[in-house]
Amino acid sequence: MTSVSMRRVDEVPDKELLARHAQGDPHAFAELVHRHRDRMWAVALRTLGDPEEAADALQDACLSAFRAADRFRGDAAVTTWLHRIVVNACLDRVRRKSVRPATPMGDDATFDAVAPKMPDPTDAHGVSLDVHSALGQLPFEQRAALILVDMMGYSVDDAAQVMEVPPGTIKSRCARGRARLAPLLGHHRNRREPKNVGGVEGGGMPK
Amino acid sequence: MNPAHLDYDVLADLAEGLLEDDQAASVSAHLDTCADCRDLSADLTDVSRILAEAPAPSMPAELADRIDTAIAAESLNTAAVVSLEERRGRRHWRILSAAAAAVVVLGGGAAVGTIALDNTNGEQGSASAPPQDNARSGITGSQQESGGMAPNAAPAPAFAVARSGTDYRAGTLAAQVGQVVAGNQKLSAADAPDTRLRDCVLGLAGERKPVLVDQAEYEGNPATVIAVPGDTPGKLNVWVVGPECSAQNQHVLKNIKNA
Chain A
1 MTSVSMRRVD EVPDKELLAR HAQGDPHAFA ELVHRHRDRM WAVALRTLGD
51 PEEAADALQD ACLSAFRAAD RFRGDAAVTT WLHRIVVNAC LDRVRRKSVR
101 PATPMGDDAT FDAVAPKMPD PTDAHGVSLD VHSALGQLPF EQRAALILVD
151 MMGYSVDDAA QVMEVPPGTI KSRCARGRAR LAPLLGHHRN RREPKNVGGV
201 EGGGMPK
Chain B
1 MNPAHLDYDV LADLAEGLLE DDQAASVSAH LDTCADCRDL SADLTDVSRI
51 LAEAPAPSMP AELADRIDTA IAAESLNTAA VVSLEERRGR RHWRILSAAA
101 AAVVVLGGGA AVGTIALDNT NGEQGSASAP PQDNARSGIT GSQQESGGMA
151 PNAAPAPAFA VARSGTDYRA GTLAAQVGQV VAGNQKLSAA DAPDTRLRDC
201 VLGLAGERKP VLVDQAEYEG NPATVIAVPG DTPGKLNVWV VGPECSAQNQ
251 HVLKNIKNA
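Residue numbers (the working numbering), protein chains in the order written: chain A, 1 to 207; chain B, 1 to 259.
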């Protein structure tokens with residue numbers, strides 16, 4: 001219905017898509033969301049724990065980003081900016097609705113794969129308390145930091161940009177979160193050789 | 001039991017490089033001699049590994065559809081406004097007949113016969129003027145809503161829709177349109193056009209502003225009669241379209257040029 005014709009969007013950089021969107025291209029933003037929606041969903045779902053809350057938060061985030069695109073500053077990656085909006089949308093929901101992330105909904109197949117409702121202590125993978133429930137034990141800030149760094153593979157600096165805190169704060173939140181998760185996830189897992197322990201990296205993800 | 005036993009917090013801080021140098025040195029020295037604390041440190045490493053290995057969920061298809069729909073709805077609003085602004089900016093209005101200018105207002109159901117051309121929407125390159133200026137300068141009361149420019153509606157239609165009640169006939173179509181446009185027939189206001197009708201009309205009218213969009217009857221069946229200025233002053237191009245008219249399929253039942 002518009003006079004703006006469909007354009008080819010393959011290979012267009014994220015920032016260019018966002019610029020097109022800000023100039024009125026009605027297809028550019030949808031393409032941007034398509035590119036990144038699985039990772040945005042993973043962040044929202046893991047952060048909130050509840051698929052319905054996560055879905056609402058993600059929709060809020062997408063529309064917020066749609067409307068705020070002209071305020072995007074080019075000094076960060078578009079994905080960083082998008083994830084910041086997602087994390088903030090999740091935080092809004094936590095504050096408004098007192099979400100209880102430790103309560104699984106249990107009707108979502110993809111979620112069940114992450115968080116079995118009845119974890120088996122003799123599970124071959126050695127996860128004694130499922131990741132989802134364990135994350136639900138953490139304060140929001142620690143949970144979000146660990147999701148970004150340990151689960152999504154963000155560098156500490158990138159996670160700091162997403163959460164708009166200094167890198168040292170991300171390190172501290174990750175350290176606190178891991179210390180709290182360790183006893184929760186601590187049974188029936190493969191031991192590494194003790195000689196590797198001293199110099200081990202905390203992040204655990206290839207950067 | 002080692003009295004200097006370490007806890008997860010200290011070990012996690014060590015791993016992140018958050019300890020002061022001297023504390024880091026003593027913790028490391030302790031780890032060299034304490035298998036229990038090495039186990040704890042390994043627990044922390046496992047935490048990161050377990051988190052990293054947790055399968056990433058894909059967005060459920062229903063949610064993907066829902067978000068696509070929400071974005072499309074948002075795009076539609078934005079695009080409609082942008083598109084309308086573009087249309088306003090592009091339009092150069094040639095001289096309309098006085099009758100046509102009146103009908104732009106009559107379309108909303110109010111008989112105001114003295115509208116100067118530059119008070120109607122978009123003419124004379126006045127696209128940059130705020131809509132309120134048009135409204136103040138001659139059109140009063142609720143009539144301003146029907147002048148083809150609805151200041152508060154988003155997206156605003158570029159025309160109003162009339163319901164003249166005319167049963168147009170093929171043989172007399174031109175004369176009937178002429179009568180309605182000339183204001184010889186009482187019009188009753190219809191609603192603002194919905195998106196489909198607006199797209200239909202704008203698709204047919206192109207750059208020309210409709211002087212009449214009449215939801216009436218044609219040969220006894222519901223139809224919409226659309227008239228825009230013809231190629232010479234005082235002449236009209238007329239389309240009769242079925243109720244299903246959309247941008248994609250206009251269902252043109254009858255078309256007359258320069259009637």
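Keep in mind that a hint or two might mislead.
[What the hints assert, rightly or not] Some chain A residues flagged as far from chain B (calculated, every beta-carbon gap over 12 Å): (1) Lys15; (2) Leu32; (3) His34; (4) Cys62; (5) Arg67; (6) Arg73; (7) Ala77; (8) Thr79; (9) Leu135; (10) Glu141; (11) Glu164; (12) Val165; (13) Ser172; (14) Gly177.
[Unchecked claim] With the C-beta cut set under 10 Å, the calculated list includes, among others, these residues of chain B facing chain A: (15) Leu14; (16) Leu18; (17) Glu53; (18) Ala205.
Note that these hints are calculated values from the structure, not bench results. Since the structure is predicted, the reported quantities are computational estimates derived from the model, not experimental observations. In this text, a Cβ means the ideal position worked out from N, Cα and C, and glycines have one as well.
* Hints the structure violates: just list their numbers, smallest first. => Violated: hints 2, 3, 4, 5, 9, 13, 14, 18.
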